[in-house]
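> What follows is the residue order along each chain.
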Amino acid sequence: MLLSLSWLREFTPYEGTAQALGDRLTMLGLELEDIKHPFEVLKEITTGYVLECKMHPDSDHLHCCRVDVGQEALLDIVCGAPNVAAGQKVAVATIGSKLPDGTVIKKSKLRGQPSHGMICSERELGLSEDHSGIMVLDNSTPVGMKLQDVLTLDTEILDFSITPNRADCLSVLGLARETAMAFHLPLTIKELTPTYGEESTEVPIEITDPKLCWLYAGRVVHNMHLGPSPLHIRQRLQACGIRAISNIVDVTNYILLECGQPLHAFDLAKLNPRKIVVRKARPNETFVTLDNQERVLKDTDLCICAGDTPVALAGVMGGLDSEITSTTTQVFVESAVFNPPTIRKTSRRLGLSSESSYRFERGIDQQRTIWALERATALLQELGQGTVDKHLNVAEPNPFIAAQIPFRPKYANALLGVNLEPDFAKTVFTGLGLKVSEKDTSWQVEQASWRPDLTREADLVEEVGRVYGLDNIKPLLPPMQLSLERHDVGTEFAFWRQVRHWGAGLGLNEVINYSFVGQKDLDLLGLPKDVRIAIKNPLSQEQDVLRPTIAPGLLQSLRQNLAQGAVSVKLFELCHVFTLDETLETHTKETAMLGLLFSGLRYEPVWPNPQEDMDYSDIRGVIEHLLRTLHVEQPKFVQVAEHAYLSPCVQIFIGDTLLGHVGVVKSAIADTYLAHKLVYLAEINLALLQELAAKAKVKFTPLAIYPCVKRDITFIGSKSLQVGTIKAALLDLKHPLICDVAFVSLYEPKESTDKHLSFRLTFRHNQRTLKDAEVDKERDKVAQAIVKSLGVRI
Amino acid sequence: MRFRQSFFPFTEPSAEVDISCFLCNGAGTKHGETCRVCKGTGWVEILGCGMVDPQVFAAVDYPSDVTGFAFGLGVERIAMLKYGIGDLRQFFENDLRFLQQF
Numbered sequence: 013m014l015l016s017l018s019w020l021r022e023f024t025p026y027e028g029t030a031q032a033l034g035d036r037l038t039m040l041g042l043e044l045e046d047i048k049h050p051f052e053v054l055k056e057i058t059t060g061y062v063l064e065c066k067m068h069p070d071s072d073h074l075h076c077c078r079v080d081v082g083q084e085a086l087l088d089i090v091c092g093a094p095n096v097a098a099g100q101k102v103a104v105a106t107i108g109s110k111l112p113d114g115t116v117i118k119k120s121k122l123r124g125q126p127s128h129g130m131i132c133s134e135r136e137l138g139l140s141e142d143h144s145g146i147m148v149l150d151n152s153t154p155v156g157m158k159l160q161d162v163l164t165l166d167t168e169i170l171d172f173s174i175t176p177n178r179a180d181c182l183s184v185l186g187l188a189r190e191t192a193m194a195f196h197l198p199l200t201i202k203e204l205t206p207t208y209g210e211e212s213t214e215v216p217i218e219i220t221d222p223k224l225c226w227l228y229a230g231r232v233v234h235n236m237h238l239g240p241s242p243l244h245i246r247q248r249l250q251a252c253g254i255r256a257i258s259n260i261v262d263v264t265n266y267i268l269l270e271c272g273q274p275l276h277a278f279d280l281a282k283l284n285p286r287k288i289v290v291r292k293a294r295p296n297e298t299f300v301t302l303d304n305q306e307r308v309l310k311d312t313d314l315c316i317c318a319g320d321t322p323v324a325l326a327g328v329m330g331g332l333d334s335e336i337t338s339t340t341t342q343v344f345v346e347s348a349v350f351n352p353p354t355i356r357k358t359s360r361r362l363g364l365s366s367e368s369s370y371r372f373e374r375g376i377d378q379q380r381t382i383w384a385l386e387r388a389t390a391l392l393q394e395l396g397q398g399t400v401d402k403h404l405n406v407a408e409p410n411p412f413i414a415a416q417i418p419f420r421p422k423y424a425n426a427l428l429g430v431n432l433e434p435d436f437a438k439t440v441f442t443g444l445g446l447k448v449s450e451k452d453t454s455w456q457v458e459q460a461s462w463r464p465d466l467t468r469e470a471d472l473v474e475e476v477g478r479v480y481g482l483d484n485i486k487p488l489l490p491p492m493q494l495s496l497e498r499h500d501v502g503t504e505f506a507f508w509r510q511v512r513h514w515g516a517g518l519g520l521n522e523v524i525n526y527s528f529v530g531q532k533d534l535d536l537l538g539l540p541k542d543v544r545i546a547i548k549n550p551l552s553q554e555q556d557v558l559r560p561t562i563a564p565g566l567l568q569s570l571r572q573n574l575a576q577g578a579v580s581v582k583l584f585e586l587c588h589v590f591t592l593d594e595t596l597e598t599h600t601k602e603t604a605m606l607g608l609l610f611s612g613l614r615y616e617p618v619w620p621n622p623q624e625d626m627d628y629s630d631i632r633g634v635i636e637h638l639l640r641t642l643h644v645e646q647p648k649f650v651q652v653a654e655h656a657y658l659s660p661c662v663q664i665f666i667g668d669t670l671l672g673h674v675g676v677v678k679s680a681i682a683d684t685y686l687a688h689k690l691v692y693l694a695e696i697n698l699a700l701l702q703e704l705a706a707k708a709k710v711k712f713t714p715l716a717i718y719p720c721v722k723r724d725i726t727f728i729g730s731k732s733l734q735v736g737t738i739k740a741a742l743l744d745l746k747h748p749l750i751c752d753v754a755f756v757s758l759y760e761p762k763e764s765t766d767k768h769l770s771f772r773l774t775f776r777h778n779q780r781t782l783k784d785a786e787v788d789k790e791r792d793k794v795a796q797a798i799v800k801s802l803g804v805r806i
Numbered sequence: 513m514r515f516r517q518s519f520f521p522f523t524e525p526s527a528e529v530d531i532s533c534f535l536c537n538g539a540g541t542k543h544g545e546t547c548r549v550c551k552g553t554g555w556v557e558i559l560g561c562g563m564v565d566p567q568v569f570a571a572v573d574y575p576s577d578v579t580g581f582a583f584g585l586g587v588e589r590i591a592m593l594k595y596g597i598g599d600l601r602q603f604f605e606n607d608l609r610f611l612q613q614f
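From first to last, the protein sequence lines stand for chains F and H. Numbering-wise, my numbering comes out as the position in the first sequence, counting from 1, plus 12. Numbering-wise, my numbering comes out as the position in the second sequence, counting from 1, plus 512.
What the hints contain is simulated information worked out from the structure, not anything from laboratory work. Treat the hints with care, since some could be wrong.
Unchecked claim - Once the Cα atoms are required to be at most 20 Å apart in a straight line, the calculated DMTMM-like pairs of lysine to aspartate or glutamate come out as: (1) F:K202 with F:E22; (2) F:K689 with H:D607; (3) F:K282 with F:D311; (4) F:K438 with F:E408; (5) F:K767 with F:E703; (6) F:K422 with F:E450; (7) F:K689 with F:D627; (8) F:K48 with H:E605; (9) F:K548 with F:D625; (10) F:K357 with F:D435; (11) F:K121 with F:D171; (12) F:K357 with F:D279; (13) H:K542 with F:D46; (14) F:K731 with F:D788; (15) F:K707 with F:D744; (16) F:K121 with F:E168; (17) H:K551 with F:E218; (18) H:K551 with F:E458; (19) H:K551 with F:D724; (20) H:K551 with F:D766; (21) F:K541 with F:D593; (22) F:K55 with F:D150; (23) F:K789 with F:D744; (24) F:K451 with F:D465; (25) H:K551 with F:D171; (26) F:K689 with F:E602; (27) F:K648 with F:D625; (28) H:K542 with F:E45; (29) F:K532 with H:D599; (30) F:K438 with F:E450; (31) F:K722 with F:D752; (32) F:K422 with H:E605; (33) F:K486 with F:E433.
All values reported here derive from a predicted model rather than from experimental measurement.
Turn these sequences into a full structure, and let the hints guide you.
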């Protein structure tokens with residue numbers, strides 16, 4: 013809300029600065045956003061007197077003028093405006109001064125004639141769109157003054173951010189009321205002394221649904237002369253952010269800003285028949301609004317009709333057919349109050365928000381509606397030489413009824429945590445214009461028509477609190493009972509923190525992505541549609557479904573970093589994923605997950621690090637490391653034939669429990685995320701992992717006293733021979749002396765289909781030192797057993 | 513720090529809490545220009561709070577003599593203030609150059 017300080021002063025004699033006013037109102041809940049000086053550039057413009065004006069010798073339209081700007085020497089100025097003439101008072105931009113559009117005036121020559129400045133038009137001064145000629149000032153204007161000082165301009169504008177509950181402050185009057193209350197000043201509302209002509213024009217009003225239109229009033233103004241408004245009206249509207257259009261439209265906007273009542277002006281000649289009907293729109297009824305758009309209406313919209321023909325979309329926008337045009341002479345001015353939610357719905361649905369709809373949505377002071385109409389018609393009379401009709405047309409099926417609100421000073425003190433005298437509350441209420449009847453400890457306060465937000469005791473307590481100043485309430489730390497026990501042990505929160513520290517400690521980077529992803533992302537990953545949970549009112553198409561897997565976010569983070577030139581990406585994320593489950597009350601299964609994504613170089617590309625890409629062993633090693641950190645037993649990795657977005661894909665089992673999977677993102681998908689190197693992705697069920705970690709027990713094994721002996725065996729088999737198969741077979745022997753089996757080397761001869769896999773066995777006896785011969789014998793036995801069971805050679 | 517009257521649908525009375533601007537130390541200007549963080553006000557909004565609206569308690573069948581306070585602050589906002597991060601979107605982009613600074 014833009015408030016002009018000089019306009020405010022027409023209602024209350026506030027003498028302080030704009031900043032001081034803004035600061036005080038900010039603490040009262042009306043936040044000052046900015047102070048603007050819309051006509052500051054006019055400080056550089058000087059008033060002048062055209063002493064001489066001759067035609068330019070080499071031009072048929074330029075004039076050579078000699079202008080007095082209060083300096084010793086007269087200025088030679090070449091001017092192209094058709095209306096320039098000797099004896100005029102004009103606005104001059106002298107050498108070095110800057111126009112609103114940024115142009116700096118320089119000394120120049122126009123067709124050989126010197127020009128030491130510029131005589132300005134209204135458009136060049138930023139005062140209007142008028143560029144038909146120069147701006148001619150009043151003859152009494154003194155010469156050599158700053159233009160800003162000789163014109164009556166609204167030079168100080170305060171921009172307030174008004175919270176949705178304070179509809180009353182969307183007007184100069186409302187802000188003046190707050191100012192008067194805050195600074196203990198009187199509030200003066202103009203007394204209207206309307207004069208009416210002889211004509212009495214009845215325009216009957218029929219309201220079909222009183223719940224949707226509480227009050228409708230209108231009056232005719234005859235013999236209007238359409239034209240521009242005078243400068244003081246135009247500049248004021250402009251300073252308050254509204255474009256001046258014509259005297260009729262400007263008056264409706266002026267009154268809207270002044271008292272918060274939106275008005276609408278119809279061309280009376282176009283209201284056929286001459287009868288106003290306020291009714292709901294019929295489904296699929298069409299209507300062309302002022303902006304020349306055809307709107308398809310619904311029965312939740314409210315129409316103002318002439319007879320049965322819609323002429324305006326109530327509270328939102330007028331119709332093209334009844335618009336004020338240059339031929340308009342008779343105006344019907346509407347001042348009404350509509351049901352706020354109706355206006356809000358229509359405005360939202362059609363994407364039409366206007367100064368009017370904004371105020372109707374929040375609530376109108378119904379006891380100001382007729383006053384606003386009277387003020388508007390009087391102003392039309394003044395600006396357009398119109399004659400105001402005698403007859404006031406009004407229908408008020410739903411008059412304002414003030415709420416009677418109970419108020420207990422003691423309760424107010426208790427809720428606010430203060431100790432105020434009851435008199436303070438009384439002063440506040442009176443200052444706000446509320447009527448108070450005191451009855452000992454319980455009062456009755458009557459709501460004011462301009463404060464739809466005050467209906468309950470708590471609302472009144474807030475008024476007392478804000479005027480006292482919430483900042484003045486002494487802070488008090490409430491006593492709380494806390495035990496020294498840790499409350500987070502065993503919680504998901506504590507477990508996640510542990511996993512986060514593990515990941516960060518390993519040098520991985522934790523990412524956090526939105527829980528909302530796009531249906532398109534999931535289609536790309538080839539995920540089934542029937543498990544997805546779509547968002548009803550998505551913010552955008554990129555975020556219209558809950559993530560059923562962690563992959564889309566991680567891949568998005570990968571793309572972001574590859575686009576920034578990252579060469580080594582190691583990410584992890586902890587989150588919840590969501591899938592449809594009809595058996596649950598919420599139909600949504602929420603699972604905690606850990607995601608890992610690796611792609612690119614294994615090490616930072618600096619000396620002496622080798623330049624090599626990460627592979628499966630990296631991500632697998634990290635998973636094993638996590639399980640070891642949590643003391644969970646080591647997993648089994650089992651390759652599966654198919655997965656939606658991983659190929660190859662390996663499932664991770666702890667015993668018989670499927671903990672998650674790990675694999676390489678399919679290349680077609682990786683391509684869309686800009687990845688040119690393999691992308692390794694793992695998804696681990698964190699809830700299951702937490703259970704496993706909670707059950708894990710660390711048991712100490714006494715350190716061996718006797719030394720161990722190591723022996724290597726190399727097995728030879730076909731290319732399809734797997735390390736895991738041999739290792740599992742070796743462990744399955746459960747040899748009492750073998751305490752460790754490690755895979756140490758792989759050799760694949762070039763011109764052969766063979767594969768050589770070497771394992772190192774560690775032998776140890778708990779009670780004595782083993783002899784070499786004894787170990788050799790055991791080694792051979794083991795080797796033979798494997799040869800026999802797996803059909804390999806040694 | 514200051515408590516400033518405001519509006520939330522679920523608290524009555526409601527307040528915004530402002531802290532003095534970390535960039536200009538509450539002056540509103542920095543190097544002669546309007547401070548870009550507080551836009552010249554010298555204050556930065558940090559959280560909203562208030563006394564729980566009686567209707568909230570009524571909706572969950574609490575007796576009418578129950579009162580309570582409510583407050584909530586955005587962690588990103590606090591981090592922005594603490595580390596001087598200018599753009600909220602950076603929290604959701606997961607750029608390694610951002611992540612590696614913490």
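> Looking back at the hints listed earlier, which ones does the structure fail to meet?
Violated: hints 3, 4, 5, 8, 9, 10, 11, 12, 14, 15, 16, 17, 18, 19, 20, 24, 26, 27, 29, 32.
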